[in-house]
Amino acid sequence: MKIFQKLFIITSMLMITAVLQAQTQTDKLLEQSEAKIKANKFKEAVKLLDKAIELSPQNAQLYVKRAFSLRSLKKDKKALQDCKKALELDSESTNAYYEQGMVYAAMKDFQEAVANFQKALAIDKNYANAYLGMATVKQEAGDAEGACEDAKKAQELGSYEAEAFVKKHCRR
Numbered sequence: 001m002k003i004f005q006k007l008f009i010i011t012s013m014l015m016i017t018a019v020l021q022a023q024t025q026t027d028k029l030l031e032q033s034e035a036k037i038k039a040n041k042f043k044e045a046v047k048l049l050d051k052a053i054e055l056s057p058q059n060a061q062l063y064v065k066r067a068f069s070l071r072s073l074k075k076d077k078k079a080l081q082d083c084k085k086a087l088e089l090d091s092e093s094t095n096a097y098y099e100q101g102m103v104y105a106a107m108k109d110f111q112e113a114v115a116n117f118q119k120a121l122a123i124d125k126n127y128a129n130a131y132l133g134m135a136t137v138k139q140e141a142g143d144a145e146g147a148c149e150d151a152k153k154a155q156e157l158g159s160y161e162a163e164a165f166v167k168k169h170c171r172r
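If you read the sequence shown in my numbering, its first letter stands for residue 1, the second for the next number, and so on.
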């Protein structure tokens with residue numbers, strides 16, 4: 001009986017070590033991909049995120065980051081698939097709803113874009129990027145008044161991008 005207990009403990013320790021090593025490698029790949037994204041090297045970011053997802057397929061954040069990179073490469077359908085996968089893994093991910101909204105906006109489906117920004121806000125009413133996303137979509141759809149309302153709310157929440165939007169598009 002003691003042999004089985006020892007084998008169980010050793011096996012458990014090996015499994016935990018393997019999981020921790022995969023997580024460490026995933027974190028490194030994520031960090032590298034974020035550097036590529038900041039440098040606008042989206043193809044390279046996608047490759048790094050592909051590897052990270054192989055190691056940690058249940059990590060919703062990885063799918064959101066890859067969706068952003070794919071959207072930046074104008075691969076909207078693939079980006080949308082990643083957003084859906086992220087939401088399947090984490091239905092409360094404001095970032096996934098936001099990114100999905102941005103993908104729909106890129107596809108000119110403004111109604112779906114706004115719906116996704118609103119879902120993000122239902123989870124976190126102080127999510128400035130969702131307000132700014134709605135402002136951008138409403139501006140493009142011709143709703144200048146609604147766009148300014150949302151941009152001003154994002155600005156109140158501390159968004160510097162919203163401040164620039166308000167200065168450019170809204171009357172004081």
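Check before you lean on any hint, since a few could be wrong.
Unchecked claim - Straight-line alpha carbon distances no greater than 30 Å define the calculated DSS-like cross-link-like pairs of lysine-lysine that follow:
#1 K84 to K51
#2 K43 to K108
#3 K84 to K74
#4 K75 to K36
#5 K84 to K47
#6 K38 to K153
#7 K51 to K125
#8 K153 to K51
#9 K119 to K84
#10 K78 to K125
For the record, the hints were derived by calculation from the structure and aren't laboratory data.
Hint check:
Under the criterion of a C-alpha separation no larger than 30 Å, the hint pairing K84 with K51 is consistent with the structure, at around 19 Å. As the CA atoms of K43 and K108 are separated by approximately 23 Å, the hinted pair is consistent with the 30 Å bound. For the hint pairing K84 with K74, the CA-to-CA distance comes to about 17 Å; that is within 30 Å, so the pair holds. Distance restraint check for K75 and K36: the Cα-Cα separation of roughly 17 Å lies within the 30 Å cut-off, and the hinted pair is therefore satisfied.
Among the hinted pairs, K84 with K47 is consistent with the structure: their alpha-carbon atoms are about 19 Å apart, no more than 30 Å. Proximity of K38 to K153 is assessed by CA-CA distance (about 26 Å); at most 30 Å being required, the pair is judged to hold. The suggested pairing of K51 with K125 is violated, with an alpha-carbon distance near 34 Å, which exceeds 30 Å. A threshold of 30 Å between alpha carbons decides the hint, and for K153 with K51 the separation of about 38 Å lies outside it, so the pair is violated.
Taken as a hint, the K119 and K84 pair is honoured in the structure, with Cα atoms around 13 Å apart against an allowance of 30 Å. For the given pair, K78 sits about 28 Å from K125 by alpha-carbon distance, which is consistent with the 30 Å threshold.
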